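Engineer: Full structure from sequences and hints, please.
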Amino acid sequence: MPTGLRCAIMVVFALFAWAANGHEPGQWQNGVEGPQPRSEMAVVQDGSRAYLIGDYVGATEVLIYDLDARRWSVGPDFPYPVHHPVAAALGGNVYVFGGYINGWEASDSVWVLDGETMDWSEAAPMPSPLAAGGAAVVDGNIHVVGGSLSGAVNTDAHMIYDPQADTWETAAPMPTPRDHLGIVAIAGEILAIGGRVDGDPAFNLDTVEIYDPQSDAWRSGAPMPTARSGVAAAVLDGKAFIFGGETREVTFAAAEAYDPVDDSWIELAPLPTPRHGFGAVVHDGQILTLMGAPTAGGDRSALVEVFVPSNP
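When we follow our numbering, the leftmost residue of the sequence shown carries the number 1, and every step to the right adds one.
Since the hints were made in silico from the structure, they are not lab data. For clarity, every value in this text was computed on a predicted model and none was experimentally measured. Glycine residues also receive a C-beta, built at the ideal position from the N, C-alpha and C atoms.
Across the chosen pairs, the derived CB separations fall in these ranges:
#	residue 1	residue 2	range
1	D216	V153	21 to 29 Å
2	G188	D166	18 to 26 Å
3	V153	A217	22 to 30 Å
4	D216	S48	28 to 36 Å
5	G151	V308	38 to 46 Å
6	D156	D263	18 to 26 Å
7	G285	Y80	32 to 40 Å
Structural biologist: As structure tokens, then:
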């Protein structure tokens, strides 16, 4: 039997075995690679557009992917080089918070990209600087959570931005300070998943904490099966999908999904290319994982790999 055919049969058999053991593997497809490599950037989705802002080695061009047309374009430059920023989209605008500038100096700056004019403007700065945190939109406000200060020291910050008033307030701090975590919003609550301690991937976390804005309180969720940081996170069908990550030596192929309704995890078919420092967006019932570093540390890629759930 030819080697290629034998390998294909083994992969199919492995996926059947995975499903038989109660997993929901899904499958992976190759997407359209980006025009430039990126890692440790912010990835944010506004409708049918995905925006990639920042870069580990200083590229300032904003990369834009048209999810309907499956076509990349290069947008306006960010005002300065930044890596590990945080971003969210709301009302046709893209909001970029903090990140590391001048090497590893955490910033408190906020910049807004108008989705129509493609012009940048500066907004009210955050109450405190941060990088490598996360952001999620709930009820018209943007929650910016966790991350690191200058020197990679973790922060438990939880700051809420009102785009209409251009004002900030603080909320209950995240119980477990961490950076390089996944932040998503599901059913009006914010989920903080995984991450690392003080910027060191030797101390990855499996922690899941859930914030209820109504009570301004956090609670614990079922821990992630694989402790990791530098993940890509997305929401599909009411579940949080977490991909990739890194330690000091290796990157993760792990793909797992959390259901907040029954507080449980399932394992998925692993990433074809293990990566960290990347992002994910959702389109037509599929999840696109965008760029990132295939090796631990400061690598980059232009990869796009698409996850297709078994039960779309």
